[in-house]
Amino acid sequence: MAILYFWYVAIISRRNATQETNSGIDVQLKKRTDLIPNILRLASKFMSHEKSLLEEITQLRTKVLESREVTNDGTNDSTVEDKFSLENRLHEKLSSLMVSVENYPELKSDSTMLEAQRVYADVEEHISAARRNYNASTKSLLNAIQIFPGNIIASLIGVNAPPFFEVNEIERTPVNADDYLK
Amino acid sequence: MKLKGLDFTQKSKSASSLSPEARKEFNRELESELADLEAFRLEKLEVVNQQNELIKKYAKSAVVPLIVLELGLQIFSSSYSLLSGHGVPFFICAGAAIFIWKMKPYNLYHQQYKEKVLPILLRSLGDFSYQIDGSLDVATLESFKIYPKHQHRKSEDYFKGAIQDIGLEFCELHLENSGDKSRVTVFQGAAILLEMPFTFLTHTVVSKNKERKAFSNFRNSNLQTIELEDLDFEEKFTARTLDPLAARYLLSPAMMKRLMELEEKYNTLGFGAQLRCEFKDNKALFLISYIGNFFESPKLTVSAYDNDNLVLIQDQLRLIVSVIEQLKLDYLVARKLAYKTFDLTSE
Numbered sequence: 001m002a003i004l005y006f007w008y009v010a011i012i013s014r015r016n017a018t019q020e021t022n023s024g025i026d027v028q029l030k031k032r033t034d035l036i037p038n039i040l041r042l043a044s045k046f047m048s049h050e051k052s053l054l055e056e057i058t059q060l061r062t063k064v065l066e067s068r069e070v071t072n073d074g075t076n077d078s079t080v081e082d083k084f085s086l087e088n089r090l091h092e093k094l095s096s097l098m099v100s101v102e103n104y105p106e107l108k109s110d111s112t113m114l115e116a117q118r119v120y121a122d123v124e125e126h127i128s129a130a131r132r133n134y135n136a137s138t139k140s141l142l143n144a145i146q147i148f149p150g151n152i153i154a155s156l157i158g159v160n161a162p163p164f165f166e167v168n169e170i171e172r173t174p175v176n177a178d179d180y181l182k
Numbered sequence: 001m002k003l004k005g006l007d008f009t010q011k012s013k014s015a016s017s018l019s020p021e022a023r024k025e026f027n028r029e030l031e032s033e034l035a036d037l038e039a040f041r042l043e044k045l046e047v048v049n050q051q052n053e054l055i056k057k058y059a060k061s062a063v064v065p066l067i068v069l070e071l072g073l074q075i076f077s078s079s080y081s082l083l084s085g086h087g088v089p090f091f092i093c094a095g096a097a098i099f100i101w102k103m104k105p106y107n108l109y110h111q112q113y114k115e116k117v118l119p120i121l122l123r124s125l126g127d128f129s130y131q132i133d134g135s136l137d138v139a140t141l142e143s144f145k146i147y148p149k150h151q152h153r154k155s156e157d158y159f160k161g162a163i164q165d166i167g168l169e170f171c172e173l174h175l176e177n178s179g180d181k182s183r184v185t186v187f188q189g190a191a192i193l194l195e196m197p198f199t200f201l202t203h204t205v206v207s208k209n210k211e212r213k214a215f216s217n218f219r220n221s222n223l224q225t226i227e228l229e230d231l232d233f234e235e236k237f238t239a240r241t242l243d244p245l246a247a248r249y250l251l252s253p254a255m256m257k258r259l260m261e262l263e264e265k266y267n268t269l270g271f272g273a274q275l276r277c278e279f280k281d282n283k284a285l286f287l288i289s290y291i292g293n294f295f296e297s298p299k300l301t302v303s304a305y306d307n308d309n310l311v312l313i314q315d316q317l318r319l320i321v322s323v324i325e326q327l328k329l330d331y332l333v334a335r336k337l338a339y340k341t342f343d344l345t346s347e
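In order, the protein sequences belong to chains X and G.
So in our numbering the end of the first sequence lands on 182, straight run, no missing numbers.
So in our numbering the end of the second sequence lands on 347, straight run, no missing numbers.
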């Protein structure tokens, strides 16, 4: 009985830790969405031909902010997956923007834009760390609820592990250098 | 004599760049010092030759009386002998005195070589000051978990400077404990202390797996072990931290690879390197143990102008100073400092 009790405690602790790490991702993602208006304001001064990209980023940012208002306790897999999907798309568009900056020498050499790129790079590193932390926490919870007798205890109390954070399919495909070196 | 092999052009990106005039000046300064060193070397070589002559001259004349004395002791008093407990301390003291006297010219030349050559080679890499027998501040070292417990400490070849807002201090350390019959080496190698212009988010320690007891200062600490994703890194190292999230920010997959490459770079110099590092407050300490000694002078019988030795020393200095570039800590500094000029919250 003592073993079962300690296993139960371990499952609950790890579930709570996973929720905490999930919130940790949100904290970092918020920093990124807070950064976006400043970057867009700088970019719009110079990037007259990227209007559609800038608008797309603005719209995605709005959707991301709206998705955060949906209650998410970490056990609703589809909500968590939707959030990941939106954030991934936003990350793709921001990355495209950063690459497009290279085509605008004036913007590229602007010191404020350089600092903004560095801050953006740092925020992305924080997001990456938060996701890795979340995955480590999820793995720990999965181990606890899949190994006997954890699987029985977890099914009795209704604890499921949320999905791992995974990159989307576009980021998995290898880069074709020919597309760029034309 | 021309100095070949020394390359003042291929410096690390983070070191100050040298103009052609500065390179000429360094070559001129180094040649002048080497000329003095060569004269000093020849003087010490002459002393060694004189020592050898003296030993040849008096060894023969000392051996016969000693044999006669021993035979006399054996004949007239069997309880006394030069080879027993009575004579051994005498021979040990005599042997030690002769050894010290014999090594003196070599040690003087070695010391002179380092004091002349290292400051010049260091200046080519940045604004560094050198002390042959200096050391990192002991109190600072003792505040790090990876600094092993020891009873005896020797240090040498201390230098201090800065590269792109990051302070760098280095010394070679030899830490020992007293064993049953002799001293046991706990750590021998390089200690590199970096002072960053920002504070690390958390206290993180990277130590070797199955760490020896001397390095296991983690009991009674709040540091928790974290599992990282790089399997090669996990095979070699154990990461401990107060905050897993902040530690993962610092120990990104790229950083883990760079740490392994840094350890491997020390191995390529043939020294069997083992890396340990710790990040705390605004400081990072790297302890790299290896077999051997950095910054060796050439033998007394080899010219002070020996290019191979100069190039080796320059490579060793570059390896140490390039730790910042190798780990891309300058990029980390740039990102951290960018927050000061780019306000994240302004709309």
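Hints in this document: simulated from the structure, not taken from any laboratory.
Among the hints, erroneous ones may be present.
[Unchecked claim] Restraint-style ranges between C-beta atoms, simulated for each label pair:
1) Asn267(G) to Ser52(X): 49 to 57 Å
2) Glu227(G) to Ser155(X): 38 to 46 Å
3) Thr341(G) to Glu106(X): 13 to 21 Å
4) Glu261(G) to Ile152(X): 42 to 50 Å
5) Gln59(X) to Lys328(G): 30 to 38 Å
6) Glu102(X) to Glu227(G): 44 to 52 Å
7) Ser13(X) to Val138(G): 56 to 64 Å
8) Val138(G) to Gln59(X): 19 to 27 Å
Don't be surprised by glycine CBs; every beta carbon is placed ideally from N, CA and C.
Comparing the hints with the structure gives:
1. Asn267(G) to Ser52(X): 49 to 57 Å: Holds: the Cβ-Cβ distance is about 52 Å, inside 49 to 57 Å.
2. Glu227(G) to Ser155(X): 38 to 46 Å: With a Cβ separation near 26 Å, Glu227(G) and Ser155(X) fall outside 38 to 46 Å, so the hint is violated.
3. Thr341(G) to Glu106(X): 13 to 21 Å: 19 Å, holds
4. Glu261(G) to Ile152(X): 42 to 50 Å: 46 Å, holds
5. Gln59(X) to Lys328(G): 30 to 38 Å: 35 Å, holds
6. Glu102(X) to Glu227(G): 44 to 52 Å: Distance hint for Glu102(X), Glu227(G) is violated at roughly 37 Å.
7. Ser13(X) to Val138(G): 56 to 64 Å: 41 Å, violated
8. Val138(G) to Gln59(X): 19 to 27 Å: This hint is violated: roughly 59 Å between Cβ atoms.
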